[in-house]
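Asks: Read off the chains here:
Protein chains: 4
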Amino acid sequence: MRLHEAGALLAAECARYAAMGWMRGTSGNLSVVLSRDPLRLAVTASGLDKGEMTASDVAEIDASGAPVRPNQPTPSAEAGLHGRIASVSGAGAVVHVHALAPVLAAERWPNAVHLRNLEMLKGFGRKADDWVSIPVVQNSQDMTVLGDAFESGYRADTPALIVARHGLYVWGSDLYQARHRTECLEWLLRFIIET
Amino acid sequence: MRLHEAGALLAAECARYAAMGWMRGTSGNLSVVLSRDPLRLAVTASGLDKGEMTASDVAEIDASGAPVRPNQPTPSAEAGLHGRIASVSGAGAVVHVHALAPVLAAERWPNAVHLRNLEMLKGFGRKADDWVSIPVVQNSQDMTVLGDAFESGYRADTPALIVARHGLYVWGSDLYQARHRTECLEWLLRFIIET
Amino acid sequence: MRLHEAGALLAAECARYAAMGWMRGTSGNLSVVLSRDPLRLAVTASGLDKGEMTASDVAEIDASGAPVRPNQPTPSAEAGLHGRIASVSGAGAVVHVHALAPVLAAERWPNAVHLRNLEMLKGFGRKADDWVSIPVVQNSQDMTVLGDAFESGYRADTPALIVARHGLYVWGSDLYQARHRTECLEWLLRFIIET
Amino acid sequence: MRLHEAGALLAAECARYAAMGWMRGTSGNLSVVLSRDPLRLAVTASGLDKGEMTASDVAEIDASGAPVRPNQPTPSAEAGLHGRIASVSGAGAVVHVHALAPVLAAERWPNAVHLRNLEMLKGFGRKADDWVSIPVVQNSQDMTVLGDAFESGYRADTPALIVARHGLYVWGSDLYQARHRTECLEWLLRFIIET
Chain F
1 MRLHEAGALL
11 AAECARYAAM
21 GWMRGTSGNL
31 SVVLSRDPLR
41 LAVTASGLDK
51 GEMTASDVAE
61 IDASGAPVRP
71 NQPTPSAEAG
81 LHGRIASVSG
91 AGAVVHVHAL
101 APVLAAERWP
111 NAVHLRNLEM
121 LKGFGRKADD
131 WVSIPVVQNS
141 QDMTVLGDAF
151 ESGYRADTPA
161 LIVARHGLYV
171 WGSDLYQARH
181 RTECLEWLLR
191 FIIET
Chain C
1 MRLHEAGALL
11 AAECARYAAM
21 GWMRGTSGNL
31 SVVLSRDPLR
41 LAVTASGLDK
51 GEMTASDVAE
61 IDASGAPVRP
71 NQPTPSAEAG
81 LHGRIASVSG
91 AGAVVHVHAL
101 APVLAAERWP
111 NAVHLRNLEM
121 LKGFGRKADD
131 WVSIPVVQNS
141 QDMTVLGDAF
151 ESGYRADTPA
161 LIVARHGLYV
171 WGSDLYQARH
181 RTECLEWLLR
191 FIIET
Chain V
1 MRLHEAGALL
11 AAECARYAAM
21 GWMRGTSGNL
31 SVVLSRDPLR
41 LAVTASGLDK
51 GEMTASDVAE
61 IDASGAPVRP
71 NQPTPSAEAG
81 LHGRIASVSG
91 AGAVVHVHAL
101 APVLAAERWP
111 NAVHLRNLEM
121 LKGFGRKADD
131 WVSIPVVQNS
141 QDMTVLGDAF
151 ESGYRADTPA
161 LIVARHGLYV
171 WGSDLYQARH
181 RTECLEWLLR
191 FIIET
Chain G
1 MRLHEAGALL
11 AAECARYAAM
21 GWMRGTSGNL
31 SVVLSRDPLR
41 LAVTASGLDK
51 GEMTASDVAE
61 IDASGAPVRP
71 NQPTPSAEAG
81 LHGRIASVSG
91 AGAVVHVHAL
101 APVLAAERWP
111 NAVHLRNLEM
121 LKGFGRKADD
131 WVSIPVVQNS
141 QDMTVLGDAF
151 ESGYRADTPA
161 LIVARHGLYV
171 WGSDLYQARH
181 RTECLEWLLR
191 FIIET
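Residue numbers (the working numbering), protein chains in the order written: chain F, 1 to 195; chain C, 1 to 195; chain V, 1 to 195; chain G, 1 to 195.
Hints may contain errors.
[What the hints assert, rightly or not] Taking lysine to aspartate or glutamate and the EDC-like style, the derived pairs with C-alpha atoms no more than 16 Å apart in a straight line are: (1) F/Lys122 with C/Asp49; (2) V/Lys122 with G/Asp49; (3) F/Lys122 with C/Asp142; (4) G/Lys122 with F/Asp49; (5) C/Lys122 with V/Asp142; (6) V/Lys127 with V/Asp157; (7) G/Lys122 with G/Asp157; (8) C/Lys127 with V/Asp142; (9) G/Lys127 with F/Asp142; (10) C/Lys122 with C/Asp157; (11) C/Lys122 with V/Asp49; (12) V/Lys127 with G/Asp142; (13) C/Lys127 with C/Asp157; (14) G/Lys127 with G/Asp157; (15) V/Lys122 with G/Asp142; (16) V/Lys122 with V/Asp157; (17) G/Lys122 with F/Asp142; (18) F/Lys127 with F/Asp157; (19) F/Lys122 with F/Asp157; (20) F/Lys127 with C/Asp142.
[Stated by the list, open to error] Per label pair, the in silico range of CB-to-CB distance: (21) C/Pro110 with V/Glu151: 43 to 51 Å; (22) C/Gln141 with F/His114: 15 to 23 Å; (23) F/Ser64 with G/Asn117: 25 to 33 Å.
None of these hints come from the bench; they were simulated from the model.
Quick caveat, the model's predicted, so the values are computed rather than measured.
Just so it is clear, CB atoms sit at the ideal spot from N, CA and C, and this is done for glycine as well.
Construct the entire structure; sequences and hints are all you get.
Replies: Set out below in structure tokens:
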């Protein structure tokens, strides 16, 4: 995929999430893998309203989150974690949103949120009767610290991470799968909070 | 009704429910009866985003949920229950959505959810002072098991079924009536949860 | 105002309330006064989806709710209460919606809901520090019973009525004022429920 | 900025907030600074539906909230507080919305709402681990009383004020920054209420 095409897709997805209230202010960021070897991602630019993005509001980064082109928008401060997740998991797209339910769930279950016997788990890529634990890590401003915490709890069958007092990361083979997993997990987290 | 016309109606209804947050991810499915003898239904295709359906994203199935045409999209995994409901109830349309309120209600009342003395019951096809019990059945991945559970609790005057930890089925003479019953029942279930 | 103009206004207002989730199914109904002497109202037709109304989906009624023209749509079953409210209060428009908050409030405070020291009371036509009591009456299918209950609790400075286990009536000089009062009162009722 | 340009921006922002349910009825008001010396603001007109504003629905006021042009719409009754906030803080735009969460938070914490260790604080212009206290003042119909209460609790690093039983004020360098701070603070207040 070319950077500008990725930018158009990212802008459209951002507008969806913003309309759902999951990217309030300029919060949240999305990325999509441009190439694997070496790993290159397109990530949303920092500091912009996610409901008003255009295809140009995107930066190309490497696996560490560092920008690889001159004269491009500043990548999101969390670009390093996007790179790390794509690198470790092999995902093609990473969604980071500030929905409320994941952060509320992490307050109640500060190590991991357990989900079981729920049909919606299928939309997250699991079976309805699987035991699923969504890892929760402490928030940090240091993407290496967050990335290490992510990697130490990483399981290939669980494509999500909650950062306490911060937000939710979900990934998938492409933005479309990542979107569906995000929507289903957010539903599951609302369910578990309210029961 | 022809299959392509049914597909257009189903796509429009899916877009409505998706916008309400009741078909998150690729969850939920809708069907409409094409003919009665033999019973044929148009059912939404499996695995698609319900906010982005087109008139072609539909499969024709028989009463057992089996596809009856070659080269069509894979019907929803729950097509068998749609067929069963249409067959037993005589309904012309079946709505299956993953609204949160029915699943929360089923956690609290695992056998049936009782509703009474509520004006909104009229929008569900009953009188305001009727005693109404919405049956709750356990979730299963086997549509025959689900169908048997549905049929054993079936009453002709109660056009809905909650599948615990899963979602809601509602039916009516057509998609329009099924929609109104779904909306009213979801309101009633939110009311009963919050009081 | 002519009936067709009233129908266009009512359809537009219905679409607004339906989008807010306050007219689920075919619930709720709106009216606007066409003339005062004798009293004639345009009221929304019975049984239609309030998000899909047109200017023709309206009936002309008298103060008792009886239709006054041949070959028009059936007026809402609650037309009689609209006529009574317009007659007693002198209002130019009556809004009846099935928002959840008023019905939840009536469960908790079955005679009247008391509001005080809230800025939003100004949007309801009162002062911020007024004592305001929204009357609650029992639900009935008989519009004369409902109308008598309304009238016995009527105060000229309180343009609203909650019908328990049913919904909310609000009125004003025109649909625009009635809308603003409805929106402010719904906010106030959510506030009072959650505190 | 010219008054008519300010009016167009204010109308667009009002439509956004109205769609979010934060300007129900005719509640809330926005302002933007037109010039600094002397201080002149464009403020939304009183009594209008915030979802239906045009570029003309705006009045030019001075630092005290008094209109400075003949034949313009009546400025919002709270124009005086807008002027005071812009004067004291140096902000270029002030947002006043009637979201529910701030008013609920003020009921629980009647002097100040404390927020800490939350990533969303960055969207409010602070660091994630800052101690942040949002001042709460009592409601009043006298803008001088409200303005004095605002000024006595004013801190340059905390661009927000909750008026108890009323609503929220947030400011920033322009309407765009004020919007993002408002959205992030509303999220934070929902979080703190629900935990």
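Asks: Are the Cα atoms of F/Lys127 and F/Asp157 separated by 16 Å or less?
Replies: Holds, at about 11 Å.
Asks: Please check whether C/Pro110 and V/Glu151 have a Cβ separation lying inside 43 to 51 Å.
Replies: Holds: the Cβ-Cβ distance is about 45 Å, inside 43 to 51 Å.
Asks: Between the alpha carbons of F/Lys122 and C/Asp49, is the straight-line distance 16 Å or under?
Replies: Holds. F/Lys122 to C/Asp49 sits at ~14 Å (cutoff 16 Å).
Asks: For V/Lys127 and G/Asp142, compute the direct alpha-carbon distance and say whether it is at most 16 Å.
Replies: holds, 13 Å
Asks: Check the hint pairing V/Lys122 with G/Asp49 against an upper bound of 16 Å on the C-alpha distance.
Replies: Holds. V/Lys122 to G/Asp49 sits at ~14 Å (cutoff 16 Å).
Asks: Check the hint pairing V/Lys122 with V/Asp157 against an upper bound of 16 Å on the C-alpha distance.
Replies: Holds, at about 12 Å.
Asks: Take the C-alpha atoms of V/Lys127 and V/Asp157, compute the straight-line distance between them, and say whether it is at most 16 Å.
Replies: holds, 11 Å
Asks: Quick one: are C/Gln141 and F/His114 within 15 to 23 Å, going by C-beta?
Replies: holds, 21 Å
Asks: With the threshold set at 16 Å, check whether the alpha-carbon distance from C/Lys122 to V/Asp142 stays at or below it.
Replies: Status holds; Cα separation ~14 Å.
Asks: With the threshold set at 16 Å, check whether the alpha-carbon distance from G/Lys122 to G/Asp157 stays at or below it.
Replies: Roughly 12 Å between the alpha carbons, so the hint for G/Lys122 and G/Asp157 holds.
Asks: Below or equal to 16 Å on CA atoms is what counts here, so check V/Lys122 against G/Asp142.
Replies: It holds: about 14 Å lies between the C-alpha atoms, which stays within 16 Å.
Asks: Take a quick look at whether C/Lys127 and V/Asp142 sit within 16 Å of each other, Cα to Cα.
Replies: Holds. C/Lys127 to V/Asp142 sits at ~13 Å (cutoff 16 Å).
Of the numbered hints stated above, none is contradicted by the structure.
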